[in-house]
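All chains should be modelled from the sequences, with the hints used to inform the complete structure.
In this note's numbering, the protein residues as written are 6 to 181.
Source of the hints: derived by calculation from the structure; they are not laboratory data.
Just so you know, even glycine gets a beta-carbon here, dropped at the ideal spot from N, CA and C.
Please note that a few of the clues may not be correct.
Pair by pair, the computed Cβ-Cβ distance ranges are [said to hold, decoys possible]:
#1 Arg31 <-> Pro88: 22 to 30 Å
#2 Gln70 <-> Arg146: 55 to 63 Å
#3 Ser139 <-> Leu81: 34 to 42 Å
#4 Gln95 <-> Glu74: 37 to 45 Å
#5 Ala16 <-> Gln70: 21 to 29 Å
#6 Arg146 <-> Leu81: 51 to 59 Å
#7 Arg48 <-> Gly79: 15 to 23 Å
#8 Thr107 <-> Asp83: 44 to 52 Å
#9 Arg146 <-> Leu33: 41 to 49 Å
Listed below are the simulated DMTMM-like cross-link pairs for lysine to aspartate or glutamate, each with C-alpha atoms no more than 25 Å apart in a straight line [said to hold, decoys possible]:
#10 Lys84 <-> Asp28
#11 Lys84 <-> Asp46
#12 Lys84 <-> Glu74
#13 Lys84 <-> Asp27
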Amino acid sequence: MSQTVSLVLTAQTREALRRIVDDRRRPLAHILRARIVLLSDERLPVLEVARQAGVGRPTVWRWQQRFAEEGLDGLLRDKTRPPGKPATPQDEVQAVLERTLTDEPPGEATHWTGRAMAALCGLSLTTVQRIWRSHHLQPHRVRTFKRSTDLSGATVNPSGGATRNPSPLRSRECSD
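Below, the structure is given as structure tokens:
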């Protein structure tokens, strides 16, 4: 892929880019992007711009294209990215909580393990561990964990714990 963007800078834009490159308090990414555009303005081949800037050719092409489309503002802000994985649906979280609190563990087991719950619910071990941790459940601790026989009064309070008819003294509000 050859250089498809030909940059023509005005004197004002060139001066603004030089100020960015010379400003020691600027983020390094802004300085690098401005340097790429200034080197491209000197009509150097992409390979030479990449070598002098210490980046790869795709990076040079990306910032040339972004500058051509959005100007100086395009260099100084990062594009937003979509979040990674979506959160676990609330119905699956509730199913894990109900099974943990009411169901018997499979086979001869005396308590739930994360792997057994993950296999039963079709979730990953890490997801089950996150759910238990966020709701302050520790079913692997046999002496302190008691399985419930009646889940009719159980609720999931805003602080993340599974409780039975929480008292107003113990409930707290989360303000994130």
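Hints and how they fare:
| no. | hint | verdict |
| --- | --- | --- |
| 1 | Arg31 <-> Pro88: 22 to 30 Å | holds (28 Å) |
| 2 | Gln70 <-> Arg146: 55 to 63 Å | holds (56 Å) |
| 3 | Ser139 <-> Leu81: 34 to 42 Å | holds (38 Å) |
| 4 | Gln95 <-> Glu74: 37 to 45 Å | holds (40 Å) |
| 5 | Ala16 <-> Gln70: 21 to 29 Å | holds (23 Å) |
| 6 | Arg146 <-> Leu81: 51 to 59 Å | holds (52 Å) |
| 7 | Arg48 <-> Gly79: 15 to 23 Å | holds (21 Å) |
| 8 | Thr107 <-> Asp83: 44 to 52 Å | holds (47 Å) |
| 9 | Arg146 <-> Leu33: 41 to 49 Å | holds (48 Å) |
| 10 | Lys84 <-> Asp28 | holds (22 Å) |
| 11 | Lys84 <-> Asp46 | holds (23 Å) |
| 12 | Lys84 <-> Glu74 | holds (13 Å) |
| 13 | Lys84 <-> Asp27 | holds (24 Å) |
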